[in-house]
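Novice: The lines below spell out each chain.
Protein chains: 2
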Amino acid sequence: MSEKSATVFIGSKPTMSYVLAIITSFSSSNVGEIVLKARGRAITTAVDVAEIVRNRFLKDLKVNRIKIATEEMPAREGENRTRMVSTVEITLARE
Amino acid sequence: MSEKSATVFIGSKPTMSYVLAIITSFSSSNVGEIVLKARGRAITTAVDVAEIVRNRFLKDLKVNRIKIATEEMPAREGENRTRMVSTVEITLARE
Numbered sequence: 001m002s003e004k005s006a007t008v009f010i011g012s013k014p015t016m017s018y019v020l021a022i023i024t025s026f027s028s029s030n031v032g033e034i035v036l037k038a039r040g041r042a043i044t045t046a047v048d049v050a051e052i053v054r055n056r057f058l059k060d061l062k063v064n065r066i067k068i069a070t071e072e073m074p075a076r077e078g079e080n081r082t083r084m085v086s087t088v089e090i091t092l093a094r095e
Numbered sequence: 001m002s003e004k005s006a007t008v009f010i011g012s013k014p015t016m017s018y019v020l021a022i023i024t025s026f027s028s029s030n031v032g033e034i035v036l037k038a039r040g041r042a043i044t045t046a047v048d049v050a051e052i053v054r055n056r057f058l059k060d061l062k063v064n065r066i067k068i069a070t071e072e073m074p075a076r077e078g079e080n081r082t083r084m085v086s087t088v089e090i091t092l093a094r095e
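Chains as they are written, first to last, in this note's numbering: chain U, 1 to 95; chain B, 1 to 95.
Just chain U, same shape as in the assembly:
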């Protein structure tokens, strides 16, 4: 069976809950790589999650690819301009 790619969206939950989600995903199925996606302030959390998973738990993982980009977000209520927000995608894969 070929290996699948999974995506985990990093938001404002505690860092360790994403770490756990990734470990579970890698160990319970035929997932070969996981893409962590985050934007804005959650970018720091995404880097923390990737580093904790690799350094403390799954030492055979490597960072395959890191992409940064910009997304246009709809204006908040009361504002009339769209906002630009930075995004990051970190791909973790088995070596």
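It is worth saying that the hints were derived from the structure and are not from the lab. Quantities reported herein were computed from a predicted structural model and do not represent experimental measurements. It cannot be assumed that every hint is accurate.
A pair counts as met if it fits within one copy or between any two copies, since identical chains are not told apart.
To be verified - Subject to a maximum C-alpha distance of 30 angstroms in a straight line, what follows is the list of computed DSBU-like cross-link-like pairs (lysine-lysine):
{"no.": "1", "residue 1": "LYS59", "residue 2": "LYS37"}
{"no.": "2", "residue 1": "LYS37", "residue 2": "LYS67"}
{"no.": "3", "residue 1": "LYS13", "residue 2": "LYS62"}
{"no.": "4", "residue 1": "LYS13", "residue 2": "LYS59"}
{"no.": "5", "residue 1": "LYS37", "residue 2": "LYS13"}
{"no.": "6", "residue 1": "LYS4", "residue 2": "LYS59"}
{"no.": "7", "residue 1": "LYS4", "residue 2": "LYS37"}
Let chain U serve as the given structure and place chain B on it in line with the hints.
Specialist: Here is chain B on its own, set in the frame of chain U:
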């Protein structure tokens, strides 16, 4: 003359002051690439800076390389354990 590499440390100043420093550095000297280094919460700022420079000002730049890592920081006063902090290095270069 060969092209040089410069390093910009991203901290807690306003995003646009780093953007300006990078534009100045690229346009006034023989700098061929700039490495943005940040840790902790400044990681988000570093991604913002890279995206703003590339999308709004110097459209011929590309992101050559992004590295993430973990650094051990000395304990804060009153704490007795070192802290681990995530770091990022984003290399911007002329195409």
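Novice: Have a look at LYS37 and LYS67 and pick one of within, between, both or neither, based on CA distance no larger than 30 angstroms.
Specialist: Close inside one copy (10 angstroms) and across copies (16 angstroms); limit 30 angstroms.
Novice: Cα distance capped at 30 angstroms. Does LYS13 pair with LYS62 within a copy, between copies, both, or neither?
Specialist: Classified as within: same-chain Cα gap 24 angstroms, cross-chain 32 angstroms, threshold 30 angstroms.
Novice: Have a look at LYS37 and LYS13 and pick one of within, between, both or neither, based on CA distance no larger than 30 angstroms.
Specialist: For LYS37 and LYS13, both the intra-copy (14 angstroms) and inter-copy (26 angstroms) Cα distances are at most 30 angstroms.
Novice: Could you figure out if LYS59 and LYS37 sit no more than 30 angstroms apart (CA to CA) within one copy, between two copies, both or neither?
Specialist: both (21 angstroms within a copy, 24 angstroms between copies)
Novice: Have a look at LYS4 and LYS59 and pick one of within, between, both or neither, based on CA distance no larger than 30 angstroms.
Specialist: Close inside one copy (20 angstroms), not across copies (35 angstroms); limit 30 angstroms.
Novice: Between LYS13 and LYS59, at a C-alpha cutoff of 30 angstroms, which is it: within one copy, between copies, both, or neither?
Specialist: Close inside one copy (24 angstroms), not across copies (35 angstroms); limit 30 angstroms.
Novice: Between the shortest in-copy and the shortest cross-copy C-alpha distance, which are at most 30 angstroms for LYS4 and LYS37: within, between, both, or neither?
Specialist: within (17 angstroms within a copy, 33 angstroms between copies)
In the structure shown, no violation is registered for any of the earlier numbered hints.
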